[in-house]
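Protein chains: 2
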Amino acid sequence: MHAVIFISQRTSVDDGYGETNDALMKVVQEQPGFIDSESWRNEEGYGVTIVYFDSAEASSAWGGHPQHREAQRLGREKWYSEYRILVCKVERDWKWPKTDAA
Amino acid sequence: MHAVIFISQRTSVDDGYGETNDALMKVVQEQPGFIDSESWRNEEGYGVTIVYFDSAEASSAWGGHPQHREAQRLGREKWYSEYRILVCKVERDWKWPKTDAA
Numbered sequence: 001m002h003a004v005i006f007i008s009q010r011t012s013v014d015d016g017y018g019e020t021n022d023a024l025m026k027v028v029q030e031q032p033g034f035i036d037s038e039s040w041r042n043e044e045g046y047g048v049t050i051v052y053f054d055s056a057e058a059s060s061a062w063g064g065h066p067q068h069r070e071a072q073r074l075g076r077e078k079w080y081s082e083y084r085i086l087v088c089k090v091e092r093d094w095k096w097p098k099t100d101a102a
Numbered sequence: 001m002h003a004v005i006f007i008s009q010r011t012s013v014d015d016g017y018g019e020t021n022d023a024l025m026k027v028v029q030e031q032p033g034f035i036d037s038e039s040w041r042n043e044e045g046y047g048v049t050i051v052y053f054d055s056a057e058a059s060s061a062w063g064g065h066p067q068h069r070e071a072q073r074l075g076r077e078k079w080y081s082e083y084r085i086l087v088c089k090v091e092r093d094w095k096w097p098k099t100d101a102a
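Those sequence lines, one after another, are chains A and X.
If you're matching positions, the first sequence starts at 1 in my numbering and goes up one per residue.
If you're matching positions, the second sequence starts at 1 in my numbering and goes up one per residue.
Since the hints were made in silico from the structure, they are not lab data.
Mixed in with the good hints there might be a few duds.
What follows is a list of derived Cβ distance ranges for each label pair [what the hints assert, rightly or not]:
id, chain 1, residue 1, chain 2, residue 2, range
1, A, N21, X, Q31, 28 to 38 angstroms
2, A, N21, X, Q9, 21 to 31 angstroms
3, X, Q67, A, R73, 43 to 53 angstroms
4, X, D15, A, E43, 22 to 32 angstroms
5, A, R73, X, S12, 35 to 45 angstroms
6, X, E77, A, S55, 30 to 40 angstroms
7, X, H65, A, E19, 37 to 47 angstroms
8, A, H68, X, A23, 35 to 45 angstroms
9, A, Q67, X, Q67, 40 to 50 angstroms
10, X, Q31, A, R73, 37 to 47 angstroms
11, X, W94, A, G18, 19 to 29 angstroms
Given the structure is predicted, the values throughout are model-derived calculations rather than measurements.
Glycine included, every Cβ here is placed at the ideal spot set by N, Cα and C.
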């Protein structure tokens, strides 16, 4: 599994941000190899989105997807003052579920 | 570089959570190979902490650190209803700074 970590600082500009983000989150879910995604953003507009894919190829294809590229361009122009993208190979993955007996 | 992603759902129990978390964040910064860490948590108590290390060995040593192990135990007992830990090897790392000319 691969995880793409997108860390970003929002500007104060909205101008289509929500709509583009929503549309993009739908598109990514249709991509081959997509597993899951989740996002957080704090009150200062600093946020992270993690998207999980089943392979390096799938994560890389998403990076070059035309609709994603266009959103990236708009993001640099309007919505983000800075961002960072980390493409990661997941080596270990533990989950801890609280049992009913606990 | 390695990234350790800790995703967790908080319970409503506080009981030392803040103090332990603050102490642990200080300890991790003193670990060999520590680079940086950042955290988010939403209003539903669902959060993520990403800790960056310079090697797999450093991230693994942190996982087994006695004070960290004790905090994990308390976390399962009191503070978290579920969590997930992903240990990741960072394959690509892009940063985009907005230039002054933009």
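Here is how each hint holds up against the structure:
1. N21/A / Q31/X: 28 to 38 angstroms: Taking Cβ atoms as reference, N21/A and Q31/X lie about 35 angstroms apart, which means the hint holds.
2. N21/A / Q9/X: 21 to 31 angstroms: Holds, at about 24 angstroms.
3. Q67/X / R73/A: 43 to 53 angstroms: 45 angstroms, holds
4. D15/X / E43/A: 22 to 32 angstroms: Given a distance of about 25 angstroms, which is inside 22 to 32 angstroms, the answer is holds.
5. R73/A / S12/X: 35 to 45 angstroms: This hint holds: roughly 43 angstroms between Cβ atoms.
6. E77/X / S55/A: 30 to 40 angstroms: Since the Cβ atoms of E77/X and S55/A sit about 37 angstroms apart, the hinted range of 30 to 40 angstroms holds.
7. H65/X / E19/A: 37 to 47 angstroms: Holds - the Cβ-Cβ distance for H65/X and E19/A, about 45 angstroms, lies within 37 to 47 angstroms.
8. H68/A / A23/X: 35 to 45 angstroms: 40 angstroms, holds
9. Q67/A / Q67/X: 40 to 50 angstroms: 46 angstroms, holds
10. Q31/X / R73/A: 37 to 47 angstroms: 39 angstroms, holds
11. W94/X / G18/A: 19 to 29 angstroms: Given a distance of about 24 angstroms, which is inside 19 to 29 angstroms, the answer is holds.
The structure is consistent with each of the numbered hints, conforming to all of them.
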